[in-house]
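Student: Here's the letter readout for the chains.
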Amino acid sequence: MTPRIYIPGDSGALALGAEKVAKAIEKELADRGIEAKIVRNGSRGAYFLEPMVEVATENGRVAYGPVKPYDVKSLFDSGFLTGGHHKRWLGAPDKIPFLARQTRLTFARCGVINPLSLDHYKAHGGLKGLHNAVAMAPAEIVKQVTESGLRGRGGAGFPTGIKWKTVLDTTADKKYIVCNADEGDSATFADRMIMEGDPFVLIEGMAIAGVATGATKGFVYIRSEYPHAVAMMQKAVEAARKAGLLGLNVLGSANAFDIEIRVGAGAYVCGEETSLLNSLEGKRGVVRAKPPLPAIQGLFGKPTVINNVISLASVPIIMDKGAAFYKDFGMGRSRGTIPIQIAGNVRYGGLFEAAFGMTLGEIVDDIGGGTATGRPVKAVQVGGPLGAYFPRSLFDTPFDYEAFAAKDGLIGHAGITVFDDTADMLKQARFAMEFCAVESCGKCTPCRIGSTRGVETIDKIARGIEPEKQIELVTDLCNTMKFGSLCALGGFTPYPVMSAINHFREDFKPAPVAEAAE
Amino acid sequence: MIMQPASTEIASRTAAIVQELKGLEGPLLPILHGIQEEFGHVPHDALPVIAEALNISRAEVHGVVTFYHDYRSEPAGRHVLKVCQAEACQSMGSDVIAAKLKQLLGIGFHETARDGSVTLEPVYCLGLCACAPSAMLDGAVIGRLDDEKLDEIVAEVRS
Chain D
110 MTPRIYIPGD
120 SGALALGAEK
130 VAKAIEKELA
140 DRGIEAKIVR
150 NGSRGAYFLE
160 PMVEVATENG
170 RVAYGPVKPY
180 DVKSLFDSGF
190 LTGGHHKRWL
200 GAPDKIPFLA
210 RQTRLTFARC
220 GVINPLSLDH
230 YKAHGGLKGL
240 HNAVAMAPAE
250 IVKQVTESGL
260 RGRGGAGFPT
270 GIKWKTVLDT
280 TADKKYIVCN
290 ADEGDSATFA
300 DRMIMEGDPF
310 VLIEGMAIAG
320 VATGATKGFV
330 YIRSEYPHAV
340 AMMQKAVEAA
350 RKAGLLGLNV
360 LGSANAFDIE
370 IRVGAGAYVC
380 GEETSLLNSL
390 EGKRGVVRAK
400 PPLPAIQGLF
410 GKPTVINNVI
420 SLASVPIIMD
430 KGAAFYKDFG
440 MGRSRGTIPI
450 QIAGNVRYGG
460 LFEAAFGMTL
470 GEIVDDIGGG
480 TATGRPVKAV
490 QVGGPLGAYF
500 PRSLFDTPFD
510 YEAFAAKDGL
520 IGHAGITVFD
530 DTADMLKQAR
540 FAMEFCAVES
550 CGKCTPCRIG
560 STRGVETIDK
570 IARGIEPEKQ
580 IELVTDLCNT
590 MKFGSLCALG
600 GFTPYPVMSA
610 INHFREDFKP
620 APVAEAAE
Chain V
3 MIMQPASTEI
13 ASRTAAIVQE
23 LKGLEGPLLP
33 ILHGIQEEFG
43 HVPHDALPVI
53 AEALNISRAE
63 VHGVVTFYHD
73 YRSEPAGRHV
83 LKVCQAEACQ
93 SMGSDVIAAK
103 LKQLLGIGFH
113 ETARDGSVTL
123 EPVYCLGLCA
133 CAPSAMLDGA
143 VIGRLDDEKL
153 DEIVAEVRS
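Heads up: the sequence lines are chains D and V, in that order. Its first residue numbered 110, the first sequence is counted upward by one per residue in the working numbering. Its first residue numbered 3, the second sequence is counted upward by one per residue in the working numbering.
What the hints contain is simulated information worked out from the structure, not anything from laboratory work. Where is the CB? At the ideal position from N, CA and C, for every residue including glycine. A portion of the hints provided could be inaccurate.
[Claimed, not checked] Going by beta-carbon spacing under 10 Å, a handful of chain D positions derived as facing chain V:
#1 Glu334
#2 Arg371
#3 Ala376
#4 Ala464
#5 Ile558
#6 Glu581
#7 Asp585
#8 Leu586
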């Protein structure tokens, strides 16, 4: 049997030197005259172990990590091609605690298979959902998705099935499926990982959405900051077309569906669904007022399903195993699994897919292992630049849409940034306002002007100019932005700002002036 | 000094790109990406050609070009270095990294070195948040930046 070596081609692994490791392994194979097949898989998401190299042995796969180029020679000397022991030896990858504790539904194949091999995809359960879908009536598919309890994983948490039903029930000569892959929130990389590690699951999910709603054309709008994901999706779409998964007859059925990959141009606000639609149409990425809902008048005025990458990538397993299977995971009205992304100043950073319901403390302390710097955790921001900062006192909050809302926060795209005790929360609050000012599309006043005034007011607090009065002003301003903005950019910027003020008030006290010290 | 093509040449090369892409649904962004790839920036002289071909006003094209951060009005340096300044990288000291880079390269954000070697830009998230702080040099990703990696980057852009 020709040995098979897996070296991730995921950008996170590449950022940690996977390409150099691959080159070193290739060279070592050539020098030793060994024939082996190298597979560039995605990442399993344990970034503290990347680059994680795996070999297929008679007893299953064996992982080694984090592998440095200078480890390669000794790996061969230790017989790593047959799973030999080495200081980087990790054993069976699915037994690594960080991975063993997860419930992988959406990410089941990510990091396991060759992302561009449809044979691998099918061998690991791929396409079963789409096969089931093409044999069903559209309304039946929509019912399954609705009953699964799947809610938009992009942040808003709107029930996916309800969106689909609206599009199905709206008559039009053309309908669209738009995948929002403009994942701009810091601490989030789930979309990137799935596009780089298992692109066919997204294509399958979009094709199911097309069959379910009568849409024949899909767009994936990927941010330009993700060149590797763009390249991978383009290759995967071509492969899917060749295999008859996309085209005039999806899997030989009477349904036509094709996908086009589009690249954004560096505007954060285009992650908002209506500005994304404008951007796709070739306009400025300005937010549209709702109604009309995109499901009724979306892209080019036609009924449009616009869903986040993870929402669409979660559909195939629902259509494969059934709504009840998926719904069985989770708590309250948050059903299924959520890929939590643990990032920032954290010891064990990576992607952790689990059923809803774990507490923030379990995620940060048990799974994440505290900070990378070894200092105490001061705050965690959940949900990207528009998410709230949580102090340790709120670490008992369970990961659930409603529970987070009750604590004036949001799950967003489920990214968690950990900060140690050196973090200055006034600086973080100011950054949130500044980011909003730079990225505002300019359509509505609370966001456009409010964010700039917010920066100025927070600067006054920093300079110690009537801080109490300024805090009152910022609070009032946040209230206006929250309720007066057209979209989540202006509407949610108050979350990081107010949570920083409310939970870390000590950082908003002016620095003691030298003369005042006694 | 980077030589810029003459306006007639810009017009003809732009027209070829527009011709190739204008059949797409909502073709303007793909066209602008194509133009930036061709010239390294979106030259002012390209705008009327696009406007005429798509039957929209020059003002509309100008509005779109200026809305998006990615489109450059001037060519970038031979290398483009993007340093992440978003929250996850902030938590790992991206501000210190940025300050060091500015000092090592002698330029600020959105500036190009006088010898045309490198353009330095902030970027808000590369999706490498579990390997912070991160950067991207000419499309290649770099994680867990430290002094050693900064020196390597500087050596590469200067070579």
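Student: Please name the hints from earlier in the document that this structure breaks, with their numbers sorted from lowest to highest.
Tutor: 4, 5, 6, 7 and 8
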